[in-house]
Each structure stands twice: as C-alpha cells, then as structure tokens.
Amino acid sequence: AQSVTQLDSQVPVFEEAPVELRCNYSSSVSVYLFWYVQYPNQGLQLLLKYLSGSTLVESINGFEAEFNKSQTSFHLRKPSVHISDTAEYFCAVRGGSQGNLIFGKGTKLSVKP
Amino acid sequence: GAGVSQSPSNKVTEKGKDVELRCDPISGHTALYWYRQRLGQGLEFLIYFQGNSAPDKSGLPSDRFSAERTGESVSTLTIQRTQQEDSAVYLCASSPRAGGRETQYFGPGTRLLVL
Chain A
298 AQSVTQLDSQ VPVFEEAPVE LRCNYSSSVS VYLFWYVQYP NQGLQLLLKY LSGSTLVESI
358 NGFEAEFNKS QTSFHLRKPS VHISDTAEYF CAVRGGSQGN LIFGKGTKLS VKP
Chain B
40 GAGVSQSPSN KVTEKGKDVE LRCDPISGHT ALYWYRQRLG QGLEFLIYFQ GNSAPDKSGL
100 PSDRFSAERT GESVSTLTIQ RTQQEDSAVY LCASSPRAGG RETQYFGPGT RLLVL
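Line by line, the protein sequences give chains A and B. For the first sequence, the numbering used here gives the first residue as 298, with consecutive numbering after it. For the second sequence, the numbering used here gives the first residue as 40, with consecutive numbering after it.
Take these hints with a grain of salt, some might be off.
Stated by the list, open to error - No farther apart than 25 Å at their CA atoms in a straight line, the calculated lysine-lysine pairs in the BS3-like style are these:
#: 1; chain 1: A; residue 1: K402; chain 2: B; residue 2: K50
#: 2; chain 1: B; residue 1: K56; chain 2: B; residue 2: K96
#: 3; chain 1: B; residue 1: K96; chain 2: B; residue 2: K54
#: 4; chain 1: B; residue 1: K50; chain 2: B; residue 2: K96
#: 5; chain 1: A; residue 1: K402; chain 2: B; residue 2: K56
#: 6; chain 1: A; residue 1: K366; chain 2: A; residue 2: K402
These are calculated hints, taken from the structure and not from any lab test.
Let the sequences and hints guide you as you build the complete structure.
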C-alpha cells in the first residue's frame, strides 16, 4: 500500500530564510507526486506536481520540489520565504491508474518577521 | 470559472442525527472525490466517482457513511447516526478525468461538529 510521511508537523522560520519541507513516500509502483497548500481559512490549492520528465518542478511563487526515486522523496524547498507563505503544506502521492490521492499529515509553515 | 462548491460550510449536529453534505463539482469534470480531514490529521480518502462507473467506496469508514452522485453533477455524502468521532472537515474535489496525472481541485469544505 502507498503511504506518505511528512516528518515535520511544524516548521517555524524567519522571513527571507530558506526552508525545506520533507516528504517521503512508499510505493511499489510508479507514482505521481503533488504538493498542495492550504492558506489560513482557505481551501486546498495545488502548488506543484511531478508527473514525468525533469525531476525538478517549480511553482509560480518560488517553491520547487525534486523527485528523488532512489530516496523515495519529494522535498519542497524555497530559498527565501515571505510572511505570506505561512500555511499548511500537504504532500500527496497517487498511482498511475489510481483515483484517490494519498496524503501526508501536513506541515505547518510559520514565517515570522 | 466557478470552482468546486460545498454546502453547508458549517454544520453542528447532535450525536445520533443524520447529516447530508453537498458538493457541486466544476462543470465538465467527470471524476469526484470525497475526503475527510480530522483535527491534526492528513486527508483521508472516503469515496470516488468516475462517470457512470461504480464508485470506489474503499475509504468509507463504516456503513453509516454513503454517497451518491447524479450523472456527472452534484454529489451528496450522508452520515447516518452521527458519532463524535465523525467531527471533521469534509472536503470534495473534482478533476476533468480519472487517472494519476489529473489535478484534483478542492472545494472549501464542510466543517462538521457532532456534539
């Protein structure tokens, strides 16, 4: 069975500092990988996804994630965070023909001035 | 265009009562999903509809939970004889088609509190 582990439930950082939110998955089949973000009092939004091709994927607001098959990881990074990045971030995995997403428990990123 | 909408946004009910939650997917999306997010937990898959195929009910936690979808439109999730452990945010998502590559678009959720 597939599973997703987000090791850090909370990550506090100062503004303009770099951040890495860790995500590891377990799966015996090829997978597609997603990061969703949930801003305070808002719904889930897709941040970025890996389907195939280049293992490094980027979002429009400066986040990037790298698919590492050997380490079964899909860590999310940003070199310099803003206050507005404060949100909960969810990593998710999905098999090729599978319908539903399997989510991690989420990481709450708190950016302080 | 309009996104996924859900109603009600909040629901408070007494233990033992039945509740019905509604989801309006994005027009034209054939796949529809229900998830549950309990406090401090990730999202748990409940049920998935794809077109006119039989739904995937593998995530439903008990027979008190059921869901219906009319064609490729509205879906309702029904919880019978609610229990306190049913308290959660219930999220609906839709995607243009089924399959691993498709992005799921989420609604704002229904926050259910069972007293």
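A quick look at each hint next to the structure:
1. K402(A) <-> K50(B): It holds: about 24 Å lies between the C-alpha atoms, which stays within 25 Å.
2. K56(B) <-> K96(B): Answer holds: K56(B) to K96(B) is near 22 Å, not above 25 Å.
3. K96(B) <-> K54(B): OK: K96(B) and K54(B) at ~24 Å, within 25 Å.
4. K50(B) <-> K96(B): holds (24 Å)
5. K402(A) <-> K56(B): violated (29 Å)
6. K366(A) <-> K402(A): holds (21 Å)
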